Amino acid sequence: MTPATELAAAAPAVRVEGAHLAFGGTLLFDRLSLVLPAGRTSCLLGPSGVGKSSLLRLIAGLAHGAEGEVVDEDGRSLAGRVAYMAQRDLLLPWLSVLDNVLLGDRLRGRPPRRERALALLAEVGLAERAADRPAALSGGMRQRTALARTLMEDKPVVLMDEPFSALDAITRFALQELAARLLAGRTVLLVTHDPLEALRLGHEIRVLAGRPALLGAAIEPAGTPPRDPADPAERGLLDLQAELLRRLTAARDA
Amino acid sequence: MAVLRPLLVMLGLLLAWQLFVWATAIPPYLLPGPLLVLETAVARWPVLLRNAGVTLGEILLGLACGLLLGAGSALALSALAPLRRWLLPVLVVSQAIPVFALAPLLVLWFGYGLWSKVAMATLIIYFPVTAAFYDGLRRCDPGWLDLARSMDAKPWRSFLHIRIPAALPAFFSGLRVATAVAPIGAVVGEWVGSSAGLGHLMLNANARLQVDLVFAALLVLALIAVALYFAVDRLGRHLTAWQPEG
Numbered sequence: 001m002t003p004a005t006e007l008a009a010a011a012p013a014v015r016v017e018g019a020h021l022a023f024g025g026t027l028l029f030d031r032l033s034l035v036l037p038a039g040r041t042s043c044l045l046g047p048s049g050v051g052k053s054s055l056l057r058l059i060a061g062l063a064h065g066a067e068g069e070v071v072d073e074d075g076r077s078l079a080g081r082v083a084y085m086a087q088r089d090l091l092l093p094w095l096s097v098l099d100n101v102l103l104g105d106r107l108r109g110r111p112p113r114r115e116r117a118l119a120l121l122a123e124v125g126l127a128e129r130a131a132d133r134p135a136a137l138s139g140g141m142r143q144r145t146a147l148a149r150t151l152m153e154d155k156p157v158v159l160m161d162e163p164f165s166a167l168d169a170i171t172r173f174a175l176q177e178l179a180a181r182l183l184a185g186r187t188v189l190l191v192t193h194d195p196l197e198a199l200r201l202g203h204e205i206r207v208l209a210g211r212p213a214l215l216g217a218a219i220e221p222a223g224t225p226p227r228d229p230a231d232p233a234e235r236g237l238l239d240l241q242a243e244l245l246r247r248l249t250a251a252r253d254a
Numbered sequence: 001m002a003v004l005r006p007l008l009v010m011l012g013l014l015l016a017w018q019l020f021v022w023a024t025a026i027p028p029y030l031l032p033g034p035l036l037v038l039e040t041a042v043a044r045w046p047v048l049l050r051n052a053g054v055t056l057g058e059i060l061l062g063l064a065c066g067l068l069l070g071a072g073s074a075l076a077l078s079a080l081a082p083l084r085r086w087l088l089p090v091l092v093v094s095q096a097i098p099v100f101a102l103a104p105l106l107v108l109w110f111g112y113g114l115w116s117k118v119a120m121a122t123l124i125i126y127f128p129v130t131a132a133f134y135d136g137l138r139r140c141d142p143g144w145l146d147l148a149r150s151m152d153a154k155p156w157r158s159f160l161h162i163r164i165p166a167a168l169p170a171f172f173s174g175l176r177v178a179t180a181v182a183p184i185g186a187v188v189g190e191w192v193g194s195s196a197g198l199g200h201l202m203l204n205a206n207a208r209l210q211v212d213l214v215f216a217a218l219l220v221l222a223l224i225a226v227a228l229y230f231a232v233d234r235l236g237r238h239l240t241a242w243q244p245e246g
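So the sequences go chain by chain: G and R.
Our numbering puts the first residue of the first sequence at 1, with every later residue one more than the last.
Our numbering puts the first residue of the second sequence at 1, with every later residue one more than the last.
Here chain R stands alone, though its shape is the one from the complex (with noise of 0.2 Å):
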């Protein structure tokens, strides 16, 4: 029932939708009706397919390099103060930018390549993941380390043994952000200049007014990040499956 009840949702949704696009008989290149972009989506698959691919590889590229960089800041942070006091309020006070206003920026150095999408990516990504990893190294339980202290444990293998470990469940929390920000990241990329993608074959679609190719587009992309959010959702509850639900 629990993977039922979202489906159903989903399908009433639709058929109001469906529902709505008949008794209006509002045009297709205004707002198509579900059944035309199912239609639209089976009939353009390979165009699909191959831009789909485009903006999975720099979202992958963009989660694995935002990961890097926050899992790396958040430990730097962590384990060295001089650059906790230096950098940190610059981080946040980073974070006032907005980064799609970036976005034109990006494609100017990076140029209109994958690699302008995967800087995207990465600086969406960034954030969430050195925040919440940094958070949960920051809150281990002082007791646990006192008791490592009391072993005669030296700092890094305190660090390795306990504090990481311990974190791991809030770096999953912004984890499952990153990944649901990511594929926005990707898709602002190719709307600012791209030659491929699900971004920038929705734009081309939307200036030819092939609204029902857009509508397909834009499933495809949620599929795409409903797909990616569940992998790491599942991951982060095996890898922390010793901790306590609710």
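Looking at chain G on its own, in the form it has when it is part of the complex (with noise of 0.2 Å):
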């Protein structure tokens, strides 16, 4: 079994029921229901505001003022299970490169892994920085390193909250490639704005939408992630993606 499957075999599918959350008077989803497929990436596509970093933050255990139930398909909880990463890289600027992707092993008082944390850094392409602050490094190095740092966790789940909606397009797609060859076999959930993000990293994509937000139905576009748009096999993705902007444009206008 190559390490991919190992982890698709551990890694749970997720079940929401009954979110709910309002705010400031408004509801902004209420008895809504969600399954993130095992070993799977997931991709939630919405209008801003309309909830969707909040449905991540309860799935994350993160939510302030969310309710629901967050359980696995054998109705267990997924605490210790979930990885999660923000969309600001929120390293710890005293701290170096290897010493962020550490933080996890130094939160739960463990001895530190330092071998695969530099194997880590090695993959995305930071070995050399190791010993650097996070100030001297570009954005999408910062985001690399952030991104070794939720693998570090080592968790079958990984919730990730618009992690590249910062960066510049060639460092994006770079960084896309990258997760979606390190995340492989994992339970993803990818909130973005973007929806050609989404068609390519996504096995399926939904639309959050509306007020009290729900569900549209999930589109899954051919093939495997990460999907190229340059390649011809994937022309399909265009019109995927007119769709998924037709669809965002109704629920912005609704």
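It is worth saying that the hints were derived from the structure and are not from the lab.
Bear in mind that the values here come from a model prediction, so they are computed numbers and not experimental data.
Incorrect hints may have been included.
Listed next, the stretches of chain G that the computed footprint assigns to chain R, with coverage defined by at least 3 CB atoms under 8 Å from CB atoms of chain R [said to hold, decoys possible]: (1) 58-66; (2) 82-88; (3) 92-105.
From the three backbone atoms N, C-alpha and C, an ideal C-beta is built for every residue, glycine too.
Both chains are sitting in their own frames, so use the hints and assemble them into the complex.
Structure (structure tokens):
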């Protein structure tokens, strides 16, 4: 078994039931349910402020004010099985790149797994920068460090909240490729506002829309992520992108 | 040039002072010129040195006590919500009491010796350190704390590894203010009642119209204050080098 298939066996499906969030008198979502298939990447799109991030934070156990049941397919809690990556890299400026990747070990009071951290930094192409402070890195390098820190957690479920949205197009493209490769086999929820990113990375794509918000039917593009828009076999992506844009526009105007 | 500029301004001011003294022939028991002050400082250096040692000791002990109490209070206020609810308002209101007004009481309670001055300096240092450090601890980026929670960190570990280091720049701005005011605390304490120290020396010299010695003591006090300030500033910059300047 390759490491990826081993992980797929361990990666649980995630079930969210009865998610509820009211914010300042507005009901953002109510009795919302969602299933993230095991070992696959689900992308969540939707207009700004619809509650995408809140839903992701609910699954991460970080929700302030959101309620709902989050379990795996056997009804067990996901505690300890979830890694979280935010839009901002959240690197601690006083720690080196290596120590940032080791943050989880440090925060749990475990001996730091330096070898593994260095191997992951090599995977994301930052082996040479391990001793640098985050301030010395470019935006793309910082987000790669955050990706290495997320992978260091080695959790079967990974939640990503617009992790590449602050990057320029080329850096984003390279990072999507890297993330797809390194996260293969895990149950991933990727919140994004970029339809093409969702089409590159998602096994299935859903649009969250309305107030209270509802989930649209899943779009399942053919082929395996990361899909390459330049590949002639992926010509259908453009049609799907048009479809997603249509849904998002309708959601915004609703 | 950056170092030279304040030196040039200072030299200019001293020159103007000396010219004013020469031009007006003002008697030295009212205003001695900087040259006379320097002469006195050189002639009386054993006295100045002995008293400077006393004052420096008071300042350093006051700094150490104020720092420990202030940092401890800020940590406790930040970590314990009930303490915050009960004590924070009291702490803020307590600052309406001018600390100098307490000096005679402190002398009454702690005596004429070292400890009444240390208490005075401690009181003066305590609040800026507590307020700045507490503020820094409070303003920690919630994203970092969320990340720590998602990593199953125990609250005290994220406090130790994230909140405290993130608050260090704020702590050092409080400490800089504290270092600047600490000598004031010690000297005011000495004015109210003491048997040694630069404040004591100044008060005695003033009473005997030895204004040149008053200025010489003032010069030494200023040197101590500036040296302490720069030492703390350097240490702060070194320990928070990760913080972007500007």
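How the hints compare with the structure:
Residues of the region 58-66 of chain G with a Cβ under 8 Å from some Cβ of chain R number 3, which satisfies the need for three, so the listed coverage holds. With 5 residues having a Cβ less than 8 Å from any Cβ of chain R, the region 82-88 of chain G passes the three-residue criterion, so the hint holds. Chain R is given as covering the region 92-105 of chain G, and this holds because 5 residues of the stretch bring a CB closer than 8 Å to a CB of that chain, at least three being needed.
In this structure, every one of the numbered hints holds.
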